[in-house]
Amino acid sequence: MRFSDETLMAYADGELDAATRTAIEAEMAVDPVLTRAIERHRALAGRVQGAYAGVLDEPVPERLTALVAKPTASNVTPLAAHRVARAAVTSRSRLPQWMAVAASLVLGVVVSLFMINESDPWEETAVGLVARGELDTALTQQLASNAGAARIGISFQDRDGAWCRTFHLEREAPVAGLACRSGAEWQLKVMADAGPREDGLQTAGAMPLAVLEAVDAAIAGEPLDADAERAARDGGWQAAPNVAE
Amino acid sequence: MSTPSPVDQVRGQLGEMLPRLRRFARVITRNVHDADDLVQVAVEKALARAAQWRPESRLDSWMFGIMKNAWIDEIRSRRRRDRILAPEEAGLSVGDESAAAREIAMSVQVAMERLPEEQRLAVGLVLVEGLSYREAAEALGIPVGTLTSRLARGREALQAMLGEAR
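Chains as they are written, first to last, in my numbering: chain A, 1 to 245; chain B, 1 to 166.
Derived by calculation from the structure, the hints in this document are not laboratory data.
Any given hint could be a false lead.
What the simulated footprint calls covered on chain B by chain A, stretch by stretch (three residues with Cβ under 8 Å from a Cβ of chain A suffice, anywhere in the stretch; the number is not a length) [said to hold, decoys possible]:
(1) 32-43
(2) 149-158
The following residues of chain B were derived to be distant from chain A, with all beta-carbon distances above 10 Å [unchecked claim]:
(3) ILE75
(4) ARG114
(5) ALA137
Idealized CB from N, CA, C, for every residue including glycine.
Please take these sequences and the hints and turn them into a complete structure.
Rendered as structure tokens:
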């Protein structure tokens, strides 16, 4: 079969461009195996959706409808109170001005499904995505002031004391993300496509909102200044005591 | 007349979206009580950050991303507290359906619950919530290529567990 199962899946989900779609449909006319494979994808999608359809008919608990009905949430749980307080503190004040400006320009992601064929400098492992190759090297060695295959944005410690850094990787499909040190590796907490958007809502090189939000949620205290960044790098990103809490 | 504030806009749309948020929360948490707690936390968070939402982007994708992050936070603090879920809390209830439909729904849900979280969320956003690959990738904060490979592996695993459709 000349189409990968991933391509057939994308066909069943209506995610293919017109040319590939036409090619598949021509092949389906003569290949019942292909037709069955696509039907199997569609049948599974239908079953999964059906399995959760009942939730939509359940009455919504009053504590949830009350949240969106009233101007202020009156019955905030302790957990939620903590979160709301933290969100209020972090949402505007902690990020440098340029990031706030970037956030206002940024929406998200536009990448065609078929642009992602470069070999990725990351790997999917049991603990999630982990940086490899040029990205791992840049995160470990580069300072924000250095140039390289990746550009390093801010560095900071998260609430568990782990070192985290934002990065921007120039490649055919540029990505930006947040990586945090775990043992001898950089775990990629968030990545988003960072190329310019066709609709002009995202400029090249801007940090995507998903990354900014992840920084916002993870950061303890302030981003490192240039001296602290250098010291952390020279120290080999050793685990350090938590700066906050 | 001034246009409604971002908070009012978000609040208005969230009201209609609650059933869907509860459904995706069920996919994320695999537990009825945790699911509604997660919706509550995410809605509060969204209202506190309503100014960050751009009206030209989809509110549902934005909410799903907030829910995923809130859940990761919750898991992390749970591990810290070392709290273990009471066994009777686990497991999903299904809306009123015929016994046969219910049985099928349960088996699909059980299969979903066995998927690794990253695959479960990809399947939930695309197959259950109907997001495009691009929107789902954006909500999860991953590149589209990563999303498609998680989705493909999730589906393959589900297919293996469920066999052919009855």
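For each hint, the structure was consulted:
Only residues whose beta carbon comes within less than 8 Å of a beta carbon in chain A count, and the segment 32-43 of chain B has 6; three or more means the coverage holds. Counting residues of the segment 149-158 of chain B whose beta carbon lies closer than 8 Å to any beta carbon of chain A gives 6, which reaches the threshold of three, so the coverage claim holds. For ILE75 of chain B, the shortest C-beta to C-beta distance to chain A comes to about 13 Å, beyond the 10 Å cut-off, and the non-interface label holds. The beta carbon of ARG114 of chain B is kept farther than 10 Å from every beta carbon of chain A, the shortest such distance being approximately 13 Å.
At roughly 6 Å from the closest C-beta of chain A, the C-beta of ALA137 of chain B falls inside 10 Å, breaking its exclusion from the interface.
The structure fails to meet hint 5 from the earlier list, while all remaining hints are met.
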